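J.: Residues per chain are reported as follows:
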Amino acid sequence: DAGVTQSPTHLIKTRGQQVTLRCSPKSGHDTVSWYQQALGQGPQFIFQYYEEEERQRGNFPDRFSGHQFPNYSSELNVNALLLGDSALYLCASSGWAGGWQPQHFGDGTRLSIL
Amino acid sequence: TQLLEQSPQFLSIQEGENLTVYCNSSSVFSSLQWYRQEPGEGPVLLVTVVTGGEVKKLKRLTFQFGDARKDSSLHITAAQTGDTGLYLCAGVSGTASKLTFGTGTRLQVTL
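Sequence lines, in order, name chains H and C.
54 is the number that this note's numbering gives to position 42 of the first sequence; each next residue is one higher, with no gaps.
47 is the number that this note's numbering gives to position 52 of the second sequence; each next residue is one higher, with no gaps.
Honestly, the hints are just simulated from the structure, not real lab data.
Just so you know, not all the hints are guaranteed correct.
[What the hints assert, rightly or not] Now the stretches of chain H that chain C is said to cover, found in silico as 3 or more residues with beta-carbon under 8 Å:
1. 53 to 66
2. 75 to 89
3. 113 to 125
Predicted model only: the values in this text are computed from it and were never measured.
Cβ atoms here follow ideal geometry from the backbone N, Cα and C, with glycine treated the same way.
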């Protein structure tokens, strides 16, 4: 039973570029959340997708956008990259049962901005 | 803005010692989770506590949720080198399903 898978594992970009990160949820899960984890800090919530719609959003600018596909997989897009966007980007999946369900995390994509 | 402060930030102990990590907030959470994260990996869920005053034990790990559901603690008995990692608490509020993570406690256990 595959867990949450993310790709790529590492990525190097330069300032001003755009990036797309991908996430496949754990089998049986239909909700995907994205988090940004700066070095030495706890993860920060970016947004959550359910039924192909953004359901909740954290305090991140519009440069951060996402998408969820009919097969529940998801993408995180970041435009006009800044040096401060360098971080580990984590995807978490869960079921949706009208309340909180445990979230299972992937191993993340390490994004470095030069 | 909800904040979860963890203390200590860093902890370096020898195998066999006991330790306690604290997670404090001024906000009330409907549930609180503890995760452990190792380098190059995502956080792995250790436990969820839901009821104020609840105590859960997982082998050598004991988790407690404060009576007011604003704070939590993690106690490790007889630490082992395999306990090394970043410990994160995370709270959930009301019907929102997003996780608000704490600042993290980095634990290093040496022989």
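J.: All the hints need checking, so say for each whether the structure fits it.
T.: Results for each hint:
1. 53 to 66: holds (count 6)
2. 75 to 89: violated (count 0)
3. 113 to 125: With 8 residues in contact (Cβ-Cβ under 8 Å with chain C), the coverage given for the stretch 113 to 125 of chain H holds.
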